[in-house]
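For the first sequence, position 174 (counting from the first letter as 1) is numbered 174 according to my numbering, and the numbering increases by one without interruption.
A portion of the hints provided could be inaccurate.
Derived DSS-like pairs (lysine-lysine); straight-line CA-CA distance at most 27 Å [as the list claims (entries may be wrong)]: (1) Lys226 - Lys35; (2) Lys86 - Lys232; (3) Lys251 - Lys11; (4) Lys232 - Lys263; (5) Lys232 - Lys248; (6) Lys11 - Lys132; (7) Lys53 - Lys102; (8) Lys136 - Lys263; (9) Lys156 - Lys35; (10) Lys17 - Lys235; (11) Lys212 - Lys235; (12) Lys45 - Lys116; (13) Lys35 - Lys124; (14) Lys124 - Lys86; (15) Lys251 - Lys86; (16) Lys161 - Lys235; (17) Lys124 - Lys47; (18) Lys53 - Lys124; (19) Lys102 - Lys47; (20) Lys161 - Lys251; (21) Lys232 - Lys251.
Hints listed in this document are in silico derivations from the structure and should not be mistaken for laboratory results.
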Amino acid sequence: MPELPEVETIKRTLEPKILGRRIENAEVFYCSIIKCPSVNEFVDKVKGCSIIKLRRRGKYLLIDLDNSSSMIISFRMTGQLLYVDKNNVGYPYDRHTHAVFKLENGVELRFRDPRKFGRIALVKTSEVENTKEILKLGYEPFSPEVTEDMLFQFFKSRRGKIKQLLMDQSFICGIGNIYSDEILFYAGIHPERTSNTLTIEEVRAVYNGMVKVLNEAIEQRGTSIKDYVDGKGDKGSYQHLLKVYGRKGEKCCRCGSEIICTKVGGRTAHFCPHCQK
DNA sequence: ACGTTGTCCTGTCTGC
DNA sequence: TGCAGACAGGACAACG
């Protein structure tokens, strides 16, 4: 679930709570969430370290520690990283809590994930950019290199469906199923349009939609449809502003036609058949 | 090189 | 009501 706006919100909500805090202990209850190294080694290395920096790359959250190692956290569909303060630290772990970081002053960071798809890797900070996960990421959507012209050239060079290209993390990272639908609605582009058929005007609309939708979603602190909550356990509110995602059968806010839902590359795609060509 | 499909999991929704 | 099956926001491997 967490796409760029959600991971950015998790980062922003955790930062003031955990920056500079020492990890006194760590416990892992579901071993598969630790991608590397071994669970024992992970716990040993993390123990006693202070958190010196939080970063986001695409949909990954990076937590730098003061022993020159970094956690690379992937939330996948249902992962959560929750700050638990002193008043709630006695609250028992539920069955979806797979790892706990006990911080100084008796507070905790709990990693929950009902679907168990989320992963945490621990690597040398200097090697973060060379890990398989991070290496394959393309541009950040707000990077200055991403421009209308750059998008136009890229779309021209490919023949995939526009929705799938927007979700291709090796091109632009951070956009998933929800925001690709919303961006394409904004742009008035059908999700199955072959990318090289887009005119420069249409690409401009996609670019503007990407910037607008992602910025608004960050402002609204993400989209909470099911599981997503930020680092403090609070829901976001962009779900109220979604125009097409999850609105199958409802009327398009622009033209009143019925929003429909199909599959594009195995993923659900919501769109207005009248507004999106 | 690219696109498609299956897999990892559990919770929830849909339809019979 | 109960239950089986479909389906879910992601990423990756295997295959054609």
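Each hint tested on the structure:
Annotation: proposed proximity of Lys226 to Lys35 holds, straight-line Cα distance about 25 Å (limit 27 Å). Between Lys86 and Lys232 the alpha-carbon distance is near 13 Å, which keeps this suggested pair within the 27 Å criterion. Pair hint Lys251 plus Lys11 does not hold up; C-alpha atoms about 35 Å apart against a cutoff of 27 Å. Distance hint between Lys232 and Lys263 is unfulfilled; the C-alpha atoms sit about 34 Å from each other, more than 27 Å.
The straight-line distance between the Cα atoms of Lys232 and Lys248 is roughly 31 Å, outside the 27 Å bound, and the hint therefore fails. For the given pair, Lys11 sits about 22 Å from Lys132 by alpha-carbon distance, which is consistent with the 27 Å threshold. Under the criterion of a C-alpha separation no larger than 27 Å, the hint pairing Lys53 with Lys102 is consistent with the structure, at around 17 Å. At most 27 Å may separate the alpha-carbon atoms for a hinted pair to count; Lys136 and Lys263 meet this at roughly 25 Å.
This hinted pair does not check out: Lys156 and Lys35 have alpha carbons roughly 37 Å apart, beyond 27 Å. A C-alpha spacing of about 17 Å is found between Lys17 and Lys235, which places the hinted pair at or below 27 Å, so the restraint holds. With a C-alpha separation of about 21 Å, the suggested pair Lys212 and Lys235 falls inside the 27 Å cut-off, and the hint holds. Between Lys45 and Lys116, the direct Cα distance comes to roughly 23 Å. Compliance with the 27 Å bound is thereby established for this hinted pair.
Pair hint Lys35 plus Lys124 holds up; C-alpha atoms about 14 Å apart against a cutoff of 27 Å. About 31 Å separates the Cα atoms of Lys124 and Lys86, which puts this hinted pair outside 27 Å; it is violated. Distance check on the hinted pair: Lys251 and Lys86 sit about 46 Å apart at the alpha-carbon level, beyond 27 Å; violated. Between Lys161 and Lys235, the direct Cα distance comes to roughly 32 Å. Violation of the 27 Å bound is thereby established for this hinted pair.
In summary, the hint linking Lys124 to Lys47 is supported, as the alpha carbons are separated by about 15 Å, within the 27 Å threshold. Taken as a hint, the Lys53 and Lys124 pair is honoured in the structure, with Cα atoms around 14 Å apart against an allowance of 27 Å. With a C-alpha separation of about 9 Å, the suggested pair Lys102 and Lys47 falls inside the 27 Å cut-off, and the hint holds. A threshold of 27 Å between alpha carbons decides the hint, and for Lys161 with Lys251 the separation of about 25 Å falls inside it, so the pair holds.
Under the criterion of a C-alpha separation no larger than 27 Å, the hint pairing Lys232 with Lys251 is inconsistent with the structure, at around 34 Å.
Checked against the numbered hints above, the structure breaks hints 3, 4, 5, 9, 14, 15, 16 and 21 and satisfies the rest.
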